[in-house]
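2 protein chains.
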Amino acid sequence: MEKRKALQDAEVASKTIARGLLIVHTGPGKGKSTAAWGLGLRALGHGWRIGVVQFIKGAWETGERAAFARFGDQVSWHTMGEGFTWETQDKARDMAAAQAAWAKARELMADEGLRLLILDELSIALRYDYLPLTEVIEVLKARRPELTIVVTGRNAKPDLIAAADCVTEMGAVKHHFAAGFKAQAGIEF
Amino acid sequence: MEKRKALQDAEVASKTIARGLLIVHTGPGKGKSTAAWGLGLRALGHGWRIGVVQFIKGAWETGERAAFARFGDQVSWHTMGEGFTWETQDKARDMAAAQAAWAKARELMADEGLRLLILDELSIALRYDYLPLTEVIEVLKARRPELTIVVTGRNAKPDLIAAADCVTEMGAVKHHFAAGFKAQAGIEF
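Protein chains in written order, with the numbering used here: chain A, 47 to 235; chain B, 47 to 235.
Calculated directly from the structure, the hints in this document are not laboratory data.
Honestly, I wouldn't trust all of these hints.
Claimed, not checked - Computed Cβ-Cβ distance ranges for the label pairs, DEER-style: (1) B/139 / A/49: 34 to 42 Å; (2) A/201 / B/173: 26 to 34 Å; (3) B/192 / A/200: 25 to 33 Å; (4) B/104 / A/230: 29 to 37 Å; (5) B/191 / A/107: 20 to 28 Å; (6) A/207 / B/149: 17 to 25 Å; (7) A/173 / B/64: 29 to 37 Å; (8) A/64 / B/191: 41 to 49 Å.
Unchecked claim - Below, a list of computed lysine-lysine pairs in the DSSO-like style, where the Cα atoms sit at most 30 Å apart: (9) B/137 / A/61; (10) B/220 / B/61; (11) A/220 / B/103.
Stated by the list, open to error - Among chain A residues calculated to face chain B with C-beta under 7 Å, some are: (12) 53; (13) 56; (14) 68; (15) 85; (16) 106; (17) 113; (18) 205; (19) 209; (20) 221; (21) 224; (22) 230.
What you are looking at is a predicted structure, and each value in this text was computed from that prediction instead of being measured.
The beta-carbon is built from N, C-alpha and C at its ideal position, and this holds for glycine as well.
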């Protein structure tokens with residue numbers, strides 16, 4: 047045990063880099079957005095200001111949005127999506143929405159008071175080529191050193207994964223929808 | 047597109063079950079506890095009362111705890127752990143702490159006003175046999191129908207996975223600790 051403790055202490059001491067991360071949550075399982083909300087909550091508890099841009103989800107009320115509203119000016123929340131193309135059936139409109147969301151994201155990145163920025167479902171917008179991948183990655187990499195950015199969404203692009211500091215793949219070992227559950231308030235939204 | 051929409055509508059209509067879930071977040075990647083906090087935030091936004099029992103982590107201040115404190119009586123938070131055995135070097139003390147945490151969890155399960163209960167790092171306590179697996183699973187399965195329980199921690203036991211409605215495995219595609227980053231406030235705690 048003492049040896050293990052000493053090794054652990056040495057390992058901790060070897061880790062010295064402290065700056066904002068580019069974090070990617072991807073994969074088919076649940077937890078991509080909720081883990082981003084959890085990071086948001088953690089940041090708020092440290093007194094940070096945070097930003098959220100939702101690239102796909104449309105303007106419907108969610109529990110997370112209502113709860114973050116309790117933090118007033120500490121949270122800058124922007125739901126910019128129109129839903130998915132198979133709902134809107136209008137790709138041009140979806141692209142325009144994604145571009146407006148990206149413009150909002152860039153605006154928030156320039157806000158020096160912000161320490162955490164959540165780009166929810168950005169990977170979906172990139173997957174459908176609603177936004178130019180190379181430009182998006184360059185801008186994310188050029189973030190201020192103290193800014194952490196979290197990108198969520200399935201099928202994260204390999205170039206985005208390569209650019210990220212931390213990538214978690216949420217694997218769906220078991221999903222209750224397959225067992226006939228419906229989407230429920232408080233659990234899915 | 048119309049066919050896809052019709053198929054999707056039919057699929058949604060086929061899903062009729064609505065009740066509290068047993069959710070497991072496991073795997074080596076980041077996001078197990080933060081996704082639980084995100085679910086907690088979502089639930090709070092719907093006006094639910096939630097409970098949190100931390101089985102392993104000791105009594106140090108985290109951002110999530112400070113942020114949840116803003117919700118007053120809506121959150122019942124209990125940090126019951128003493129750290130890990132390789133820190134405390136006292137297995138008997140760790141087992142006593144885990145048993146006290148489990149007693150608290152059962153108490154919260156009996157609180158009919160509670161809709162979500164997060165059992166943070168319970169899988170760690172089960173892995174080290176601090177608690178009787180069969181009893182724990184039976185109690186979790188016998189929860190009130192309206193109560194959702196989230197269990198976090200690496201190496202979730204196969205019997206727990208079998209009993210769960212929804213299991214996400216957080217895979218560590220890339221972790222910034224490996225690149226020399228240290229644990230940072232607002233990101234790791």
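Status of each hint after checking the structure:
The given range of 34 to 42 Å is broken by residue 139 of chain B and residue 49 of chain A, whose C-beta atoms sit roughly 21 Å from each other. The hint said 26 to 34 Å for the Cβ distance between residue 201 of chain A and residue 173 of chain B, and at roughly 32 Å that hint holds. Between residue 192 of chain B and residue 200 of chain A, the C-beta spacing of about 30 Å keeps the proposed range 25 to 33 Å intact. Separation of residue 104 of chain B from residue 230 of chain A is about 34 Å and conforms to the stated range, judged on CB atoms against 29 to 37 Å.
Checking the proposed 20 to 28 Å range against residue 191 of chain B and residue 107 of chain A shows it holds: the Cβ atoms sit about 25 Å from each other. In this structure the hint that residue 207 of chain A and residue 149 of chain B lie 17 to 25 Å apart at CB is violated, the actual value being about 43 Å. For residue 173 of chain A and residue 64 of chain B, the hinted distance range of 29 to 37 Å is satisfied, since their beta carbons lie about 31 Å from each other. Taking 41 to 49 Å as the suggested C-beta distance range, the pair residue 64 of chain A and residue 191 of chain B conforms, at roughly 46 Å.
For the suggested pair residue 137 of chain B and residue 61 of chain A, the alpha carbons sit about 29 Å apart, so the restraint of at most 30 Å is met. Distance check on the hinted pair: residue 220 of chain B and residue 61 of chain B sit about 35 Å apart at the alpha-carbon level, beyond 30 Å; violated. For the hint linking residue 220 of chain A to residue 103 of chain B, the alpha-carbon distance of about 27 Å falls within 30 Å, and the restraint holds. About 10 Å separates the beta-carbon of residue 53 of chain A from the nearest beta-carbon of chain B, more than 7 Å, and the hint is not met.
With 7 Å as the threshold, the beta carbon of residue 56 of chain A stays out of range of chain B, its nearest partner Cβ sitting at about 13 Å, so the hint is violated. Residue-level restraint check for residue 68 of chain A is violated (minimum Cβ-Cβ distance to chain B is 9 Å; threshold 7 Å). Satisfaction of the interface hint for residue 85 of chain A is found here, the shortest Cβ-Cβ separation to chain B being roughly 5 Å, below the 7 Å cut-off. Restraint check, residue 106 of chain A versus chain B: the minimum CB separation of about 13 Å is more than 7 Å; hint violated.
Residue-level restraint check for residue 113 of chain A holds (minimum Cβ-Cβ distance to chain B is 4 Å; threshold 7 Å). At a threshold of 7 Å, the smallest CB-CB gap from residue 205 of chain A to chain B is about 13 Å, leaving the interface hint violated. Hint on residue 209 of chain A is violated. Least Cβ distance to chain B is approximately 10 Å, over the 7 Å limit. Given hint, residue 221 of chain A at the interface with chain B, holds; its Cβ is 6 Å from that chain's nearest Cβ, closer than 7 Å.
Taking 7 Å as the C-beta cut-off, the interface hint given for residue 224 of chain A is violated, the closest approach to chain B being about 9 Å. Contact between residue 230 of chain A and chain B, as hinted, is supported at the beta carbon level, the nearest pair being about 6 Å apart and thus within 7 Å.
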